[in-house]
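Peer 1: Chain by chain, the residues run as shown.
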Amino acid sequence: MKKLLIGFIMLAVMLIPVFGNAANGNVSESLTFTWEQLEAELPDISGWVLYQASTDDGPYAKVVDVPYTAVVPPVTTFESTTPLTISGITGTTVTKYFVVTAKNKDGVESEYSNVVSYGFIIPALLPSKPFNLILKITVTP
Amino acid sequence: MVQLFKIVFAISILGWSFLLATVNNSYGEYTCEKGFVLEQKDGKYNCRNPFCDAGLNMYGDAIDNGKPALELLLFDKDGKARPKVKGPDGKWVGWTIGAYQCPPDPLGVHPNPDYVFDSQTPLSAPKHLRVANMPARAKGYKLFDKVKNKQTRL
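Protein sequence lines, in the order shown, are assigned to chains A and B. The first sequence begins at 78 in the working numbering and counts up by one. The second sequence begins at 1216 in the working numbering and counts up by one.
FYI, nobody ran anything at the bench for these hints, they're computed from the structure. Take these hints with a grain of salt, some might be off.
Once the Cα atoms are required to be at most 27 Å apart in a straight line, the calculated DSSO-like pairs of lysine-lysine come out as [said to hold, decoys possible]:
| no. | chain 1 | residue 1 | chain 2 | residue 2 |
| --- | --- | --- | --- | --- |
| 1 | A | Lys-139 | A | Lys-182 |
| 2 | A | Lys-139 | B | Lys-1221 |
| 3 | A | Lys-182 | B | Lys-1342 |
| 4 | A | Lys-173 | B | Lys-1342 |
| 5 | A | Lys-206 | A | Lys-182 |
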């Protein structure tokens, strides 16, 4: 009886990959970030750094540098569009957290901004197309 | 003769004592806390704790390893909010504060040895960060082929 139970458990473990739906996939999206910076600080700013993390308290990893180009008259709201490719289990939503820092001309960064998040939906894998489609015609006299 | 020598010696001792008493650890308007040495580095005045020179910057390590910083490290010695600033060389600069192994207080909080007087106004953090998904582009456009950063008037 005990051997039979162990056999069932082993069979169930072996069948998990067959019937389970835990495939990995990825999704690519372009996200647009906007933020504001004090106008008085603009002469000292060389740019901003966008960071990404899997939890809101980090650790945050650098995604991209956004250089600052002065314009006249100065603007205090800035925008960056960044393409991101995120991996995860198909059919699930992977939430990523983002912050931005201001960087001065010596390369010294400010504290993190407020945290924003975005949920990337990892699309389910499509089933493969049917094959060997055959048309049979039966003529009835 | 011996008497005269004793008098000169005593006057010398008094003179040196007076000089040592008047020379404090300051330069102009800059004064360091007790135990810190004022020094000039790259044209800037620093307060350096000589006992911390060989110490381990626990704060930097904690951040670098992604571990949560201790609550006491979120503020500097004057209670100011700690700016997250790193220099181009990766060292913590400005008003940052670190937990250094400074004998006889091995886990005490001490000013950053690289604390610089004229770096006390770091950039403020960007505000009102928002994120939105880009609308779908026209068919045939090669998406995600490059990083495109732009600055626009909104």
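Peer 1: Give a verdict on every hint.
Peer 2: Hint-by-hint comparison with the structure:
1. Proposed proximity of Lys-139 (chain A) and Lys-182 (chain A) is supported: the alpha carbons are some 18 Å apart, at most 27 Å.
2. Among the hinted pairs, Lys-139 (chain A) with Lys-1221 (chain B) is inconsistent with the structure: their alpha-carbon atoms are about 71 Å apart, more than 27 Å.
3. Between the alpha carbons of Lys-182 (chain A) and Lys-1342 (chain B) the distance comes to roughly 19 Å, so the proposed pair stays at or under 27 Å and holds.
4. Restraint check for Lys-173 (chain A) and Lys-1342 (chain B): satisfied, since their Cα atoms lie roughly 19 Å apart, inside the 27 Å limit.
5. As the CA atoms of Lys-206 (chain A) and Lys-182 (chain A) are separated by approximately 56 Å, the hinted pair breaks the 27 Å bound.
In summary, the structure is inconsistent with hints 2 and 5 from the numbered list given earlier, while agreeing with the others.
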